[in-house]
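Q: Go by the hints and put chain H onto chain R.
Listed below, chain by chain, are the residues.
2 protein chains.
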Amino acid sequence: MADKAQLQEAIKTQGEVVRKLKSEKASKEQIDEEVAKLLQLKAQLGGDEGKHVFVLKTAKETLTGKYGEDSKLIYDLKDQGGELLSLRYDLTVPFARYLALNKITNIKRYHIAKVYRRDNPAMTRGRYREFYQCDFDIAGQYDAMIPDAECLKIVYEILNELDLGDFRIKVNDRRILDGMFAVCGVPDEKFRTICSTVDKLDKMAWEDVKKEMVNEKGLSEDVADRIGEYVSMQGGQDLAERLLQDPKLSQNKQAFAGLTDMKLLFSYLELFQVTDKVVFDLSLARGLDYYTGVIYEAILSQTIPASVSTPAEQNGADEAGVSVGSVAGGGRYDGLVGMFDPKGRKVPCVGVSIGIERIFSIMEQKAETSSEKVRTTETQVLVASAQKNLLEERLKLTSELWNAGIKAEVLYKKNPKLLSQLQHCEETGIPLVAILGEQELKDGVVKLRNVASREEVDVPRADLVDEIKKRTL
Amino acid sequence: MADKAQLQEAIKTQGEVVRKLKSEKASKEQIDEEVAKLLQLKAQLGGDEGKHVFVLKTAKETLTGKYGEDSKLIYDLKDQGGELLSLRYDLTVPFARYLALNKITNIKRYHIAKVYRRDNPAMTRGRYREFYQCDFDIAGQYDAMIPDAECLKIVYEILNELDLGDFRIKVNDRRILDGMFAVCGVPDEKFRTICSTVDKLDKMAWEDVKKEMVNEKGLSEDVADRIGEYVSMQGGQDLAERLLQDPKLSQNKQAFAGLTDMKLLFSYLELFQVTDKVVFDLSLARGLDYYTGVIYEAILSQTIPASVSTPAEQNGADEAGVSVGSVAGGGRYDGLVGMFDPKGRKVPCVGVSIGIERIFSIMEQKAETSSEKVRTTETQVLVASAQKNLLEERLKLTSELWNAGIKAEVLYKKNPKLLSQLQHCEETGIPLVAILGEQELKDGVVKLRNVASREEVDVPRADLVDEIKKRTL
Chain R
154 MADKAQLQEA IKTQGEVVRK LKSEKASKEQ IDEEVAKLLQ LKAQLGGDEG
204 KHVFVLKTAK ETLTGKYGED SKLIYDLKDQ GGELLSLRYD LTVPFARYLA
254 LNKITNIKRY HIAKVYRRDN PAMTRGRYRE FYQCDFDIAG QYDAMIPDAE
304 CLKIVYEILN ELDLGDFRIK VNDRRILDGM FAVCGVPDEK FRTICSTVDK
354 LDKMAWEDVK KEMVNEKGLS EDVADRIGEY VSMQGGQDLA ERLLQDPKLS
404 QNKQAFAGLT DMKLLFSYLE LFQVTDKVVF DLSLARGLDY YTGVIYEAIL
454 SQTIPASVST PAEQNGADEA GVSVGSVAGG GRYDGLVGMF DPKGRKVPCV
504 GVSIGIERIF SIMEQKAETS SEKVRTTETQ VLVASAQKNL LEERLKLTSE
554 LWNAGIKAEV LYKKNPKLLS QLQHCEETGI PLVAILGEQE LKDGVVKLRN
604 VASREEVDVP RADLVDEIKK RTL
Chain H
154 MADKAQLQEA IKTQGEVVRK LKSEKASKEQ IDEEVAKLLQ LKAQLGGDEG
204 KHVFVLKTAK ETLTGKYGED SKLIYDLKDQ GGELLSLRYD LTVPFARYLA
254 LNKITNIKRY HIAKVYRRDN PAMTRGRYRE FYQCDFDIAG QYDAMIPDAE
304 CLKIVYEILN ELDLGDFRIK VNDRRILDGM FAVCGVPDEK FRTICSTVDK
354 LDKMAWEDVK KEMVNEKGLS EDVADRIGEY VSMQGGQDLA ERLLQDPKLS
404 QNKQAFAGLT DMKLLFSYLE LFQVTDKVVF DLSLARGLDY YTGVIYEAIL
454 SQTIPASVST PAEQNGADEA GVSVGSVAGG GRYDGLVGMF DPKGRKVPCV
504 GVSIGIERIF SIMEQKAETS SEKVRTTETQ VLVASAQKNL LEERLKLTSE
554 LWNAGIKAEV LYKKNPKLLS QLQHCEETGI PLVAILGEQE LKDGVVKLRN
604 VASREEVDVP RADLVDEIKK RTL
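Taken in order, these protein sequences are the chains called R and H.
Just so we're aligned, residue 154 is where the first sequence starts under my numbering, counting upward by one.
Just so we're aligned, residue 154 is where the second sequence starts under my numbering, counting upward by one.
Treat the hints as calculated values from the structure; they're not laboratory data.
Ideal Cβ positions, reconstructed from N, Cα and C, are used throughout, including at glycine.
Hints are supplied without guarantee of correctness; some may be wrong.
[Claimed, not checked] Straight-line C-alpha distance at most 27 Å; calculated DSSO-like pairs for lysine-lysine:
hint	chain 1	residue 1	chain 2	residue 2
1	H	K519	R	K261
2	R	K623	R	K595
3	R	K430	H	K560
4	R	K541	H	K416
5	R	K430	H	K566
6	R	K267	H	K256
7	H	K623	R	K623
[Said to hold, decoys possible] Sample of chain R residues facing chain H (criterion: CB under 10 Å; computed from the structure):
hint	residue
8	K261
9	I291
10	Y295
11	A297
12	I299
13	P300
14	L424
15	F425
16	V427
17	K549
18	T551
19	W555
20	A557
21	L564
22	Y565
23	K567
Isolated chain R, as found in the complex (with noise of 0.2 Å):
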């Protein structure tokens, strides 16, 4: 037990070394290094009690070291009890932690939250601080590239049948890009750092991408021309064919091993019949640390009308409009797991985010400009009288239909008029009113009544629920 409690007292030191660091901004490489640290004790620390710690907070040093550059788009919480805490940026570190904590080595699951990033809100485009993703992941040690290919048929199916309109999804590896750099002469260090650059090839031109690598980034112009050629490529299964063939790229272990697997992939996704859509392309970098094998990006064809979005908005976009811009992207991830797991046990995992409030913004953008009413509800009768003093037997029957699993809706009126009902249900696309009068009780029927045709029947009570479900499949 001395050796836990002073096992403990480390860790209580340890923590505000990296804190005072923080605090200090020191470089993130120092910083990672006490981190690293922190959590090595921690994991000596094993059982129970570090375990207990991880599941119920959400501690910075959970996300500090993945995300790279986008790190500053972090939402800090305040100090509750000496810990660092914020709030959660993805669901894909979040993911690899609860798989690392609960030892589980197959999985695959999809899970709609919030998500939050410091960044600049642009509301046309959908894009928030707060809002929510949808990350859909396989996680285990599988033969090459076939959970890689269904993650890609998934982000197919979404967005053919949201109907969305064209899409296009873009996708390299991230070895072939550390490959790519390497042949054209980068320095080791500075892999990481081009990438960035490289990802801004979707929103910059390449003269400017190029600037940002000599100027800012430190690489030669020649070093740079040779990336801009490779950059500039895109095709399908014959590019990798073709990049196989490719003296230097070929010769290099990891482009050799990431353009093979592309190869495979393409073969897949042949069979899924997704190759329409799916577009090999060199230029495809995504900023986050943690990837490290295929990468990809979803890109809607479909423009805002500049009538809608502000001029800050449309920095980059050409005069038609604003680019909706990615919705949807991903990738594998082989070694995020164990970087939470105390062994450093590690669970392969590939998996996708998809982009659901920008999806969200064009799908109600599409429903206001077209003459289709969308229904808010899925209410299949309004039960109403057009008599006074029936708001007992409104319940009455109200309550019948629910116990029969209708979806049944009654207004909250003692005595609402018919016609008030009646535009209810118009407003609302509830497309059938179950009326009930004196007449109607005594006869033991209901008076059924088509809100779009004004057709009405007289419909045996016993028969109603039956009656209901039969028009309102």
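A: Using the frame of chain R, we list chain H on its own:
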């Protein structure tokens, strides 16, 4: 424009006043007063500017003065740019703010999302610091007690259908409580604090509650005893009628209005057939400040076996085990929306909050003790093969099934053994296996196997989708 700039300056200054008071831990009354001034200034500013601030950030001001003694459970966030921020405490206050800022006067909606409390977690009872709530609310000016009755019907339905064992829904009314305090002789300014003490009756014996009233809150023994008589009363419509005859209580305007509504509510609950579980209980208080009328709380009778709970969680529990306690609660809050409206326009609301995590933890415990396996996927069929080198054929068939809307899975292995494919079905409860082999491919059929019965039939490939649908209805 000069006026606007002045107003903005005034808002900034007033914001600093509020922050200073808070940092000095000034009294709640003093802070509330200054916050009110701040809100008034912001309301004067009006227009897009004020709205913008509200829409993008949940300022701590939003939560101040809404939760009574529970305010200490709000998770504060670190100030990100001159504003005090906190994590969402419940879904009711954000809902009210949403209505006010979007000028919505009629809505009925449910909302499932996370909320945060700085509370002591109790894992076995499903109490965490971060947890999901599921709220249902009806907003709008309607005839008395009709939406209130619907909320109770919904709680009844949920608890009934989830088969969580016996339960009770306690109902009371803030106006009845206030009237009761008045006729018992509680000074006006002590209503809220005495209300909080009464609220503890579900966890503490009357003797201890009385002690708190007398020793801590300064009531005389007489007054406490008079309260004690009322709060021991339970009943239904009959109790409401009896108390309407109570010479003291019926003379109090507030109590009279509350009792009249309670009587009406029970007449509607009778029509909804839920009175077997709903109890009018004068000891129900609920701690939150925003309730103005009917309040209710649903309590499961079931207990968690003592062996599962930790000693710390057994505080106040009987020998048999730990009570799960309240799993739903809510009430009427007619004043909350008006607090966010610049002109104070009121929108009456009634709602209920379901403690879905507590309900989940009970259902999980039930599932663990039952022999029946809980499926975690809805997969209808696994696409398998008995021979090697058929991965491509498996992927092709899987894609066909996906495209036809069938929930299909395939193992991510090049050459999995048939046995491990069948084992996967047994472990995860997949009912059917579609088996491909050289012979089947030649014959244009698929061998469809029922996992449970081990029966196999050859199905023509063109009929496979229909056959799977028929068997997995």
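Q: Now tell me, hint by hint, if it's right for this structure.
A: Tested hints:
The hinted pair formed by K519(H) and K261(R) meets the criterion: a straight-line CA distance of about 25 Å does not exceed 27 Å. The straight-line distance between the Cα atoms of K623(R) and K595(R) is roughly 25 Å, inside the 27 Å bound, and the hint therefore holds. Pair hint K430(R) plus K560(H) holds up; C-alpha atoms about 23 Å apart against a cutoff of 27 Å. Pair hint K541(R) plus K416(H) holds up; C-alpha atoms about 21 Å apart against a cutoff of 27 Å.
Taken as a hint, the K430(R) and K566(H) pair is honoured in the structure, with Cα atoms around 26 Å apart against an allowance of 27 Å. Pair hint K267(R) plus K256(H) holds up; C-alpha atoms about 25 Å apart against a cutoff of 27 Å. The hinted pair formed by K623(H) and K623(R) meets the criterion: a straight-line CA distance of about 21 Å does not exceed 27 Å. Among the interface hints, the one on K261(R) holds; its C-beta lies about 8 Å from the nearest C-beta in chain H, closer than the 10 Å criterion.
For I291(R), the suggested interface contact is upheld, since its CB lies about 7 Å from the closest CB of chain H, less than 10 Å. For Y295(R), the suggested interface contact is upheld, since its CB lies about 4 Å from the closest CB of chain H, less than 10 Å. Taking 10 Å as the C-beta cut-off, the interface hint given for A297(R) holds, the closest approach to chain H being about 9 Å. At its closest, the beta carbon of I299(R) sits 4 Å from a beta carbon of chain H; the interface hint therefore holds under the 10 Å criterion.
With a cut of 10 Å, the hint placing P300(R) at the interface with chain H holds, because the nearest CB-to-CB distance is about 5 Å. Checking L424(R) against chain H: minimum C-beta separation of about 5 Å stays under 10 Å; hint holds. The restraint placing F425(R) at the interface with chain H holds, with a minimum CB-CB distance near 5 Å, inside the 10 Å limit. Taking 10 Å as the C-beta contact cut-off toward chain H, the hint placing V427(R) at the interface holds, the least distance being around 9 Å.
Because the closest C-beta pair between K549(R) and chain H is about 5 Å apart, less than 10 Å, the hint holds. Interface restraint check: T551(R) against chain H, minimum CB-CB distance 8 Å, threshold 10 Å, status holds. Annotation: W555(R) was flagged as interfacial toward chain H, and the flag holds, the nearest CB pair being 7 Å apart, inside 10 Å. The interface hint given for A557(R) is broken, as the beta carbon of that residue sits about 12 Å from the closest beta carbon of chain H, more than 10 Å.
Below 10 Å, beta-carbon pairs count as interface contacts, and L564(R) has one with chain H at about 8 Å; its hint therefore holds. Taken as an interface hint, Y565(R) checks out: its beta carbon lies about 4 Å from the nearest beta carbon of chain H, inside 10 Å. With a cut of 10 Å, the hint placing K567(R) at the interface with chain H holds, because the nearest CB-to-CB distance is about 5 Å.
This entry does not satisfy hint 20, going by the numbered hints stated previously; all others are met.
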